[in-house]
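Student: Here is how the chains run, residue by residue.
There are 2 protein chains.
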Amino acid sequence: MFEEVEVEAHVYPTEDIEKVKIAMLNLVADLEFDAFDKGDYIILTGKTKSKKALQRLYELFRGQAILDTARMILEEGTFGEEIIFKVHKQVAYAGKVNFNEESPLGPITIIIRSKNPYKLIKWLAPRTKDGVPIE
Amino acid sequence: MFEEVEVEAHVYPTEDIEKVKIAMLNLVADLEFDAFDKGDYIILTGKTKSKKALQRLYELFRGQAILDTARMILEEGTFGEEIIFKVHKQVAYAGKVNFNEESPLGPITIIIRSKNPYKLIKWLAPRTKDGVPIE
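Just so you know, the sequences run in chain order G and R.
Under UniProt numbering, read the first sequence as residues 1 to 135, first letter to last.
Under UniProt numbering, read the second sequence as residues 1 to 135, first letter to last.
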């Protein structure tokens, strides 16, 4: 249903890069990391083609009861074969999803590459009625 | 010329608290630290009554040629017997002073307690003419 998931965040000098990796892995599994030193901060990217990559987001959207918000965010973030959205870095370190981009130290950007993004969104964040997925 | 210097910053989950302490010590010497866990972040405070506390800022204001800016910031931040100002946390980690408060991860707040704040400012950030202190 998707070809690849990529995750990106800025890592500032007072941050611990290992904690930012944990924040990313809390949301997307099996990431392989790369880091680019821009001087004032490091750009940390993680990529994966693993089939399990979106399992954690699937669980969190349901467990946190945020399917409707997630669907809206994902649909608004669909551009051709990419779905792009941002989550709160500090909340991700705590193992949860928060779509508020105004996060101290910047957001984590998640990019899902899919040939059929709307089919993926129906699976990842389906419509619900009375809290129960109906798609 | 001053009774105490206190420094305060928020430490977010993805930060390394030891790096934030380094950022503070880069600007104010001999700090003794305390930390208060607020849940979403930790409030890290440092305090010192050491006579050498302001030596680094004294040197940086001159070395970075920012005496006029520093004096203005210190004067604007004088409230009774306290001088309060904020510096960029990431720049402090790199060992320099930047008065821009819009710092990723929040600023470092510095509070100088002095019975004669204007005398202290004259010493710490005197007026200059052609770059040379004249007070």
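Calculated from the structure, these hints are not laboratory results.
The model shown is predicted, which means the values in this text are computed figures rather than measured ones.
Treat the hints loosely; a few may be bogus.
To be verified - Below are the PhoX-like pairs computed for lysine-lysine, each with C-alpha atoms no more than 20 Å apart in a straight line:
| hint | chain 1 | residue 1 | chain 2 | residue 2 |
| --- | --- | --- | --- | --- |
| 1 | G | K19 | R | K19 |
| 2 | R | K96 | R | K52 |
| 3 | R | K52 | R | K129 |
| 4 | G | K96 | R | K38 |
| 5 | G | K129 | G | K119 |
| 6 | R | K119 | R | K129 |
| 7 | G | K38 | R | K19 |
| 8 | G | K19 | R | K38 |
| 9 | R | K49 | R | K115 |
| 10 | G | K21 | R | K19 |
| 11 | R | K96 | G | K38 |
| 12 | G | K52 | G | K122 |
| 13 | G | K19 | R | K115 |
| 14 | G | K21 | G | K47 |
Said to hold, decoys possible - So these bits of chain R aren't anywhere near chain G, every CB distance computed over 12 Å:
| hint | residue |
| --- | --- |
| 15 | F2 |
| 16 | V11 |
| 17 | Y12 |
| 18 | I17 |
| 19 | A23 |
| 20 | A29 |
| 21 | E32 |
| 22 | K51 |
| 23 | L105 |
Glycine residues also receive a C-beta, built at the ideal position from the N, C-alpha and C atoms.
Student: State for each hint whether it applies.
Tutor: Status of the hints after comparison with the structure:
Between K19/G and K19/R the alpha-carbon distance is near 13 Å, which keeps this suggested pair within the 20 Å criterion. With a C-alpha separation of about 17 Å, the suggested pair K96/R and K52/R falls inside the 20 Å cut-off, and the hint holds. With a C-alpha separation of about 27 Å, the suggested pair K52/R and K129/R falls outside the 20 Å cut-off, and the hint is violated. The suggested pairing of K96/G with K38/R holds, with an alpha-carbon distance near 18 Å, which does not exceed 20 Å.
At roughly 19 Å between alpha-carbon atoms, K129/G and K119/G fall within 20 Å of each other, so this suggested pair holds. A distance of roughly 19 Å separates the Cα atoms of K119/R and K129/R; the hinted pair therefore holds under the 20 Å criterion. A distance of roughly 19 Å separates the Cα atoms of K38/G and K19/R; the hinted pair therefore holds under the 20 Å criterion. Note on K19/G and K38/R: the hinted pairing holds, with a Cα-Cα distance of about 19 Å set against a maximum of 20 Å.
Between K49/R and K115/R, the direct Cα distance comes to roughly 14 Å. Compliance with the 20 Å bound is thereby established for this hinted pair. The hinted pair formed by K21/G and K19/R meets the criterion: a straight-line CA distance of about 18 Å does not exceed 20 Å. Distance restraint check for K96/R and K38/G: the Cα-Cα separation of roughly 18 Å lies within the 20 Å cut-off, and the hinted pair is therefore satisfied. With a CA separation close to 17 Å, the supplied pair K52/G and K122/G stays within the 20 Å bound.
Note on K19/G and K115/R: the hinted pairing is violated, with a Cα-Cα distance of about 43 Å set against a maximum of 20 Å. Restraint check for K21/G and K47/G: the C-alpha separation of about 12 Å stays at or below 20 Å, so the hint holds. Distance check for F2/R against chain G: the nearest CB is about 27 Å away, which clears 12 Å, and the non-interface claim stands. The claim that V11/R lies off the interface is violated: its Cβ sits roughly 8 Å from the closest Cβ of chain G, which falls inside the 12 Å cut-off.
Separation of Y12/R from chain G is inadequate, the least Cβ-Cβ distance of about 5 Å not exceeding the 12 Å criterion. With a least CB separation of 9 Å from chain G, I17/R falls inside the 12 Å interface cut-off, contrary to its annotation. Remark: the non-interface label on A23/R conflicts with the geometry, its nearest Cβ contact in chain G lying 6 Å away (cut-off 12 Å). Listed as outside the interface, A29/R is consistent with that label: its C-beta sits roughly 19 Å from the nearest C-beta of chain G, beyond the 12 Å cut-off.
No Cβ of chain G approaches the Cβ of E32/R within 12 Å, the least distance being about 20 Å, so the stated non-interface status holds. Under the 12 Å C-beta cut-off, the non-interface status given to K51/R relative to chain G holds; the minimum distance is some 28 Å. For L105/R, the shortest C-beta to C-beta distance to chain G comes to about 5 Å, within the 12 Å cut-off, and the non-interface label is violated.
Comparing the model with each numbered hint stated earlier shows that hints 3, 13, 16, 17, 18, 19 and 23 do not hold.
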